[in-house]
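Asks: Sequences and hints are given; from them, build the entire structure.
The residues making up each chain are set out below.
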Amino acid sequence: MLAQLAWKNIWRNKIRSLVVITSVMLGIWAGTFIMSYVFGMMEQRLSDAIENEISHIQIHHPDYDADNDPVFVIPQSQQLLDLLDEDEKVDCYSARVLAYGMINSASTSAGGKLIGVNPAQEDKLTNISQFISSGEFLDDTDKNKIVIGKRLADKLKVKIRSKVVLTFQDVDKNIIAGAFRVIGIYESYNSSLEELNIYLNDKDLLRLLGNGANHHEIALLMNDSKEVDAYSTQLSSANPGLKVETWKELSPELNLMIETMDQSMMIFLIIILVALSFGIVNTMLMAVLERVREIGMLMAIGMNRTRLFAMISLETIFMVMIATPAGLLLAFTTIEYLGTYGLDLSAIYAEGYAQYGFKPLIYPTLGVDYYIKIVQLVFITAILSSIYPAITALRLNPVTAIRKI
Amino acid sequence: MSYPQNHTNEDSVILTEKLSKTYEGIVPVKAVNQVDLEVKKGEFIALVGPSGSGKTTLLNLLGGLDSPTSGSVIIHNQDIAQLTKNQLIDFRLRNIGFVFQAYNLIPVLTARENVEFVMLLQKIPVEVRNARVDQLLKEVGLSEQANKKPSKLSGGQQQRVAVARALASKPQFVLADEPTANLDSKTAFNLLDMMAKLNEDEGITFIFSTHDQRVIERAKRVITLVDGSLESDIVKEVLVA
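Chains as they are written, first to last, in the working numbering: chain Y, 1 to 405; chain S, 1 to 241.
Heads up, a few of these hints could be off.
[Unchecked claim] Partial selection, computed: residues in chain Y whose CB lies under 8 Å from chain S:
id: 1; residue: 151
id: 2; residue: 179
id: 3; residue: 301
[Stated by the list, open to error] Below, a list of computed lysine-lysine pairs in the DSS-like style, where the Cα atoms sit at most 25 Å apart:
id: 4; chain 1: S; residue 1: 149; chain 2: S; residue 2: 123
id: 5; chain 1: Y; residue 1: 226; chain 2: Y; residue 2: 163
id: 6; chain 1: S; residue 1: 123; chain 2: S; residue 2: 148
id: 7; chain 1: S; residue 1: 152; chain 2: S; residue 2: 123
id: 8; chain 1: Y; residue 1: 14; chain 2: S; residue 2: 149
id: 9; chain 1: S; residue 1: 41; chain 2: S; residue 2: 186
id: 10; chain 1: Y; residue 1: 8; chain 2: S; residue 2: 152
id: 11; chain 1: S; residue 1: 220; chain 2: S; residue 2: 236
id: 12; chain 1: Y; residue 1: 8; chain 2: S; residue 2: 40
id: 13; chain 1: S; residue 1: 236; chain 2: Y; residue 2: 8
id: 14; chain 1: S; residue 1: 197; chain 2: S; residue 2: 138
id: 15; chain 1: S; residue 1: 138; chain 2: S; residue 2: 149
id: 16; chain 1: S; residue 1: 148; chain 2: Y; residue 2: 14
id: 17; chain 1: Y; residue 1: 124; chain 2: Y; residue 2: 143
id: 18; chain 1: S; residue 1: 41; chain 2: S; residue 2: 18
id: 19; chain 1: S; residue 1: 170; chain 2: S; residue 2: 41
id: 20; chain 1: S; residue 1: 152; chain 2: Y; residue 2: 14
id: 21; chain 1: S; residue 1: 149; chain 2: Y; residue 2: 8
id: 22; chain 1: Y; residue 1: 203; chain 2: Y; residue 2: 226
id: 23; chain 1: S; residue 1: 170; chain 2: S; residue 2: 220
id: 24; chain 1: S; residue 1: 40; chain 2: S; residue 2: 220
Simulated from the structure, these hints should not be mistaken for lab results.
Glycine residues also receive a C-beta, built at the ideal position from the N, C-alpha and C atoms.
Replies: Dropping the structure here:
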């Protein structure tokens with residue numbers, strides 16, 4: 001009976017109720033979509049970081065990270081690679097030889113990270129060949145050839161087939177140099193990597209560094225991302241002389257972002273709902289104050305305080321409950337569409353995103369559990385928003401309320 | 001004319017003892033002053049007096065809508081001043097019917113739903129409820145208008161619905177504050193006829209506050225208030241007899 005009366009009361013002033021319903025609907029849509037946008041962006045960043053940059057797990061000499069001294073190689077790295085080859089849990093890996101040095105062109109020079117790779121392994125692990133915008137990626141047979149990022153190429157004013165000189169320290173701390181030819185230029189979504197990473201054949205770098213056949217870094221991808229932590233522990237136990245790190249340890253800032261995103265987005269949604277709740281309170285207060293005489297009459301003829309409170313609360317809850325599925329449906333449709341076709345912001349924010357390693361084409365995504373959380377939060381907001389108008393109604397004195405014009 | 005005599009408490013519906021209500025302010029106003037009153041079952045009472053004489057305040061006190069400054073209101077052997085707010089609301093629901101000057105129907109409900117509403121609050125079973133609504137609407141002559149909302153009814157029809165609503169809970173008595181004030185003569189006369197019939201046939205006790213001479217003429221007992229005090233209490237049958 002109360003529900004029926006509350007429902008009818010909502011439609012006394014259709015325009016006002018529809019304004020509230022629309023504002024709540026748009027608020028839910030906006031909040032939900034922004035959450036999906038940020039989650040999509042973060043998931044994409046995580047996926048890109050793992051698939052193209054840091055992989056699931058990296059293995060180094062325990063002292064290598066301290067100052068990247070090339071002397072700290074992974075001892076008998078080939079034996080370890082053979083074991084990884086046989087392990088079904090491992091999808092793919094790349095063994096790298098690393099050095100930090102300078103790259104000099106005819107006109108200028110720049111710092112860079114030299115990454116000596118087995119081209120086939122590296123391409124399988126990081127899909128680097130897909131980023132080549134001119135020229136080609138390395139081949140096993142290539143000698144003294146390098147692939148650099150477009151930003152670095154622009155900086156050095158070099159192009160395909162240009163000659164450059166790489167200068168770095170060998171294991172004996174001697175400065176050595178080698179002449180290389182640029183055979184490929186890649187364009188990455190991550191501008192800092194594009195300016196830093198220089199790919200060359202691992203044999204070339206091993207030869208110049210003089211540290212035998214051992215690698216500095218093994219990066220690997222697992223078949224099942226859920227097994228990363230367990231496999232890392234397993235590798236650590238089996239190789240106590242090596243440092244085995246997961247992507248969470250390699251990129252703690254990325255892990256922090258992912259871990260705190262849930263709370264951040266919920267806080268964001270709560271802020272939207274708090275703002276909306278003021279609109280709801282305002283509308284319901286108006287609805288109560290323009291019905292003072294009727295509320296006085298209801299109290300006079302026997303509607304008790306609990307029922308009156310329930311009636312006002314139900315009016316608020318009904319309006320929000322109309323808006324919620326509509327808002328969520330609108331958000332779901334938007335997310336599904338853009339989740340499939342992507343939201344392309346390259347015309348506006350490409351530079352800004354690239355600086356932080358984000359792609360400008362975002363695929364929004366949101367798990368079902370977030371929809372449930374949103375419904376719960378909206379329901380709580382509706383109940384809280386109804387309290388003040390309901391209390392205002394309860395405070396009315398039937399004697400004076402009935403006589404209110 | 002004579003004052004009522006031989007009233008006993010056994011068939012009393014309302015009994016007030018030295019009932020007073022003072023509104024505090026810069027100058028305190030004694031709206032009701034030391035009123036002793038006994039209302040018996042089946043009475044048809046007009047509460048009259050000039051504006052500001054305390055008629056509405058007395059009705060509010062009798063209906064438990066307002067609390068007295070002193071004295072007591074005993075309804076059906078219950079001193080209503082002893083009840084909590086929620087108990088008082090429940091007491092009103094079960095014992096008192098209200099008819100207001102401005103009808104005060106619920107605009108979003110039909111005539112039928114307005115009458116039914118009080119019984120819904122009382123949690124009366126649906127079969128009983130439906131039968132009583134049908135009966136009440138028939139008695140007030142609005143069976144044909146049952147599914148119309150108040151906005152589609154005339155003032156007189158709305159007041160008839162208000163009377164039916166007031167009777168829906170089978171109250172001890174009905175309090176009506178200026179029920180004919182907003183009605184034209186013919187409509188007012190019809191309404192009074194209907195209420196008089198309900199009083200005669202079903203023994204329902206009515207107490208009206210009114211300025212309306214037509215109401216006063218139809219009343220069986222006329223209580224006059226002046227400056228909050230009971231000036232006269234006249235039972236017409238005694239006079240006629």
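Asks: Hint by hint, which ones does the structure fall short of?
Replies: Result: hints 1, 2, 5, 7, 9, 12, 13 and 22 break, sorted rising.
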